[in-house]
Amino acid sequence: MRTTNEIVSKLREHQSSTPSKWRENAEWRMANKSWLRYSQHIAMMMLDKMEELGMTQKRLSELMGCSQQYVSKVLKGQENLSLETLAKIERCLQLPILNHLA
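The opening position of the sequence shown corresponds to residue 1 in the UniProt record's numbering, with each subsequent residue numbered one higher.
Please note that the accuracy of each hint is not assured.
Capping the alpha-carbon separation at 27 Å, the derived lysine-lysine pairs in DSSO-like fashion look like this [as the list claims (entries may be wrong)]: (1) K88 / K58; (2) K49 / K21; (3) K76 / K21; (4) K49 / K73; (5) K58 / K10; (6) K21 / K10; (7) K49 / K33; (8) K21 / K73; (9) K73 / K58; (10) K33 / K88; (11) K76 / K33; (12) K88 / K76; (13) K88 / K73; (14) K76 / K58; (15) K49 / K10; (16) K21 / K33.
What follows is a set of in silico ranges between Cβ atoms, one per label pair, in the way DEER data are often shown [said to hold, decoys possible]: (17) E13 / Q78: 29 to 35 Å; (18) A26 / E51: 29 to 35 Å; (19) Y70 / Q15: 32 to 38 Å; (20) E84 / R23: 17 to 23 Å; (21) E90 / T56: 15 to 21 Å; (22) A87 / Q40: 35 to 41 Å.
None of these hints come from the bench; they were simulated from the model. Ideal placement from N, C-alpha and C gives every residue a C-beta, glycine not left out.
Generate the whole structure from the sequences, applying the supplied hints.
Here it is in structure tokens:
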């Protein structure tokens with residue numbers, strides 16, 4: 001049976017060298033909760049419409065004139081979207097987003 005010191009030593013060996021930012025992340029989510037909810041809802045609407053149209057992230061990025069990485073970021077539901085971006089999404093997916101948020 002291992003001693004407490006051995007267990008603590010073993011745990012320290014496997015400890016990450018970079019500190020965890022879970023507290024900062026949780027505080028950020030709480031501070032931005034209101035618009036994050038909208039962003040997540042929009043992402044779900046987009047994913048449903050893209051599936052319906054058989055559209056890929058790459059194709060949507062081409063239509064929107066942005067990178068595929070940005071589309072991926074938007075679809076994660078944690079992006080603070082501008083009105084310009086919302087208008088592009090509505091046009092490219094033929095999806096009335098702003099009407100659904102009211």
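The hints, checked one at a time:
no.	hint	verdict
1	K88 / K58	15 Å, holds
2	K49 / K21	34 Å, violated
3	K76 / K21	19 Å, holds
4	K49 / K73	17 Å, holds
5	K58 / K10	45 Å, violated
6	K21 / K10	23 Å, holds
7	K49 / K33	25 Å, holds
8	K21 / K73	20 Å, holds
9	K73 / K58	13 Å, holds
10	K33 / K88	24 Å, holds
11	K76 / K33	15 Å, holds
12	K88 / K76	17 Å, holds
13	K88 / K73	15 Å, holds
14	K76 / K58	15 Å, holds
15	K49 / K10	50 Å, violated
16	K21 / K33	18 Å, holds
17	E13 / Q78: 29 to 35 Å	34 Å, holds
18	A26 / E51: 29 to 35 Å	31 Å, holds
19	Y70 / Q15: 32 to 38 Å	35 Å, holds
20	E84 / R23: 17 to 23 Å	34 Å, violated
21	E90 / T56: 15 to 21 Å	19 Å, holds
22	A87 / Q40: 35 to 41 Å	19 Å, violated
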